[in-house]
Amino acid sequence: MNSLQQLQSAFARFLRSGDPAIAAAVASTPQLAAQSRLEIYSSGYKARLREAITKDFPVLRSVIGDEAFAVLCLRYIDAWPSMSFTLRDFGAHLPEFVARAADIANPRFLGELARFEWAFIEAFDAADVPSIGPAAMGDIAGQDWPAVCFEAHPSVQALVIGFNTLQIWDAVKTQQPPMHPVERSESAGALIWRRALTTVFRSTADDELMLWRRLAAGADFATLCAVLADRLPADDVPVRAATLLRGWLAEGLISSLRVQQG
Amino acid sequence: MPPFFSVRYDCASVSTRLQPPLGFGLGLRVPYYETILAESPGVDWFEILSENYLVAGGKPLYYLDKIAERYPVVMHGVSMSIGSADALDRDYLGRLKRLADRVQPRWISDHLCWTGVGGHNFHDLLPLPYDEAVVAHIAARVRQVQEFLGRRILLENVSSYLQYNHSAMSEWEFVSAVAEEADCLLLLDVNNIYVSAMNHGFDPVAYIDAIDVSRVQQIHLAGHRNFGDYIIDSHDQPIIEAVWQLYGHALRRFGAVSTMIERDDNMPPFAELLAELERLRRVAHDALGEE
Chain R
1 MNSLQQLQSA FARFLRSGDP AIAAAVASTP QLAAQSRLEI YSSGYKARLR
51 EAITKDFPVL RSVIGDEAFA VLCLRYIDAW PSMSFTLRDF GAHLPEFVAR
101 AADIANPRFL GELARFEWAF IEAFDAADVP SIGPAAMGDI AGQDWPAVCF
151 EAHPSVQALV IGFNTLQIWD AVKTQQPPMH PVERSESAGA LIWRRALTTV
201 FRSTADDELM LWRRLAAGAD FATLCAVLAD RLPADDVPVR AATLLRGWLA
251 EGLISSLRVQ QG
Chain W
1 MPPFFSVRYD CASVSTRLQP PLGFGLGLRV PYYETILAES PGVDWFEILS
51 ENYLVAGGKP LYYLDKIAER YPVVMHGVSM SIGSADALDR DYLGRLKRLA
101 DRVQPRWISD HLCWTGVGGH NFHDLLPLPY DEAVVAHIAA RVRQVQEFLG
151 RRILLENVSS YLQYNHSAMS EWEFVSAVAE EADCLLLLDV NNIYVSAMNH
201 GFDPVAYIDA IDVSRVQQIH LAGHRNFGDY IIDSHDQPII EAVWQLYGHA
251 LRRFGAVSTM IERDDNMPPF AELLAELERL RRVAHDALGE E
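Chain order of the listed sequences is R and W. So for the first sequence, our numbering puts the first residue at 1; every next one is plus one. So for the second sequence, our numbering puts the first residue at 1; every next one is plus one.
Incorrect hints may have been included.
Stated by the list, open to error - Dumping the calculated BS3-like pairs for lysine-lysine here, alpha-carbon to alpha-carbon at most 27 Å:
| # | chain 1 | residue 1 | chain 2 | residue 2 |
| --- | --- | --- | --- | --- |
| 1 | R | Lys173 | W | Lys97 |
| 2 | W | Lys59 | R | Lys173 |
| 3 | W | Lys97 | W | Lys59 |
| 4 | R | Lys55 | R | Lys173 |
| 5 | W | Lys97 | W | Lys66 |
| 6 | W | Lys97 | R | Lys46 |
If you're looking for bench data, these hints aren't it; they were derived computationally from the structure.
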C-alpha cells in the first residue's frame, strides 16, 4: 500500500464497504485506535450524504417516516456513490432508485413524489434567462405561425403525474393530516418553474403536458396543432392551441420564439 | 503543455506575493443574505464556498452578485482534491475559473487534502500521507492549477483524525514543503491546527512557528466539538479560548493577516457572529499591539 493510488483506493473501499485493509496503514495511539479513527471518517461520509438528501426530499421523508428514510438513504448511498464535485447533484438518481425499489410499498407513487421534489431543486438554480410575455405573439405575421418554434425557459420541469401526489405534497407542507396515495384514473401533469427568484408549480391536464413536452422538444406550431387534432374536433384546435400558448407565455414558461426558416 | 494549462500567472517576488490584509471577515451563508443586504453590517470581507455558486443561476448567484458589489469577496473551495491520485477535474476547474471571472475574488483557496478517488467524491477533506513523493505529486498539480487560473492559490491545512504509519515528516514540514515546491500561498486554519494537535498529540505552537511568514495570506478560525478522545472540526460552536490564544500567537508571528470566522452549522443570529467578529478584532489588536 505504498503508492498514493493504492492508499486512497483502500481508504475508499473502507468508506464505501467497510473493507478493513486500510487499517494496517493507519497509526493507532494510546488515545485512539486506528479503527476508531477510521470510523470518524466513515460515519462522517454517510452522515454528510444522508444530510444532503434529507434536505432535498423532506416530503418523501415525512411520507415514509424517519426510520424507512434512513434505511433508504444508506441503500442509495451504496447504490449511487457521488460522482459529482458538488453535493447539490447527489439526489439526482433518488427518484429512479425509489421507483424501482422492490421492497418498499408503492414504489411508483414514492418515485413520482421524489421526482416532484427533485424538480424544485432543478428549477431553483437553473440558468437566468428572461421570459417573453404574450405580446411576443403580436410580432409574428399570420402566414408565419405554422413555422414558429419556441424555447422553453431553462427552469421548466414537466412531469407526468399518475397519483394524487400534489395533494399529498401540499398536505405535508401545510401540516394537514396524512393522505393515502391514490392512483388517478387518467394521468395528468405538473409544471414546476422559476419566476424571477421564486419557484412555482401547477398541475396540468394530460393534453397540456403532452403538448408542452412537444414544444420544449422543438416542435413548431403546425406540429403542435396536428398533435391536438388527434384529440380534439378540428374546429377546436386553433382556440385550444392559442389558449395554451398565451397561458404559457403569460406564466413566463417561454424564453424565446422564432420562425423556423425553410 | 496542453492548451488547458497554457495561461501563465504573474510570478511576483517573495516580498510582494502577499496581498494587503483585508481585515476581518465572515463566511457568506444563506441565512444571512437578507440581513447583509438590508443592514450592510460592518464586516470587512466575505468568504464564499465556491461550490455553492457553481450553478447556472437563481438565488445563489443573485445574492452573490449583490453582496460582491458591496464587499470584497474571496473564493474558498472544497472540491479541488489537489491531493488525489485521480487526474485533476478540468470541468470543475473550468467552472471555478468562470465563477472567478464573474466574482473577481481577491483570491482563491482550497484544501491540502484529497476528497475522492476512482471518480467517486466522498465530500470530505481526507488526510494525506506526508512524504516527499506526495509533496512532489501535489506541487506539480498546484502549479498546473495556478497556471490555469492565472493566479497563485492558497492551500489550507485541514483537521485530521488519523495519521499514516509511513508518513516521513510532520504535518508542518509537509505543508511548508508543498507551499515551497508549488510556490503557492497558505490559508492557515488555526482551529484546524489546534484540532489536529489534540487528535495527534503535537504542539500547535511549534506548528505555527515552523510556517514561512511570507506565505500566509489568510487565517481561518472556527469552533469545534470535543468528544474527549478526539475533537471534530464541526464549525457549529463559538471559537474556544485556547484557539483565541493560539491565534494571538499566530498574529505575533505573521503580523496582520486577513482573518475570518467559519460557521457552517447550528447557525446563530447574525448579531452573535458580529459579536464574535468584534472579539476577533480585539484579539488581533492586542496581539499586534504587543509587538
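Status of each hint after checking the structure:
no.	hint	in the structure
1	R:Lys173 / W:Lys97	violated (39 Å)
2	W:Lys59 / R:Lys173	holds (21 Å)
3	W:Lys97 / W:Lys59	holds (20 Å)
4	R:Lys55 / R:Lys173	holds (14 Å)
5	W:Lys97 / W:Lys66	holds (19 Å)
6	W:Lys97 / R:Lys46	violated (30 Å)
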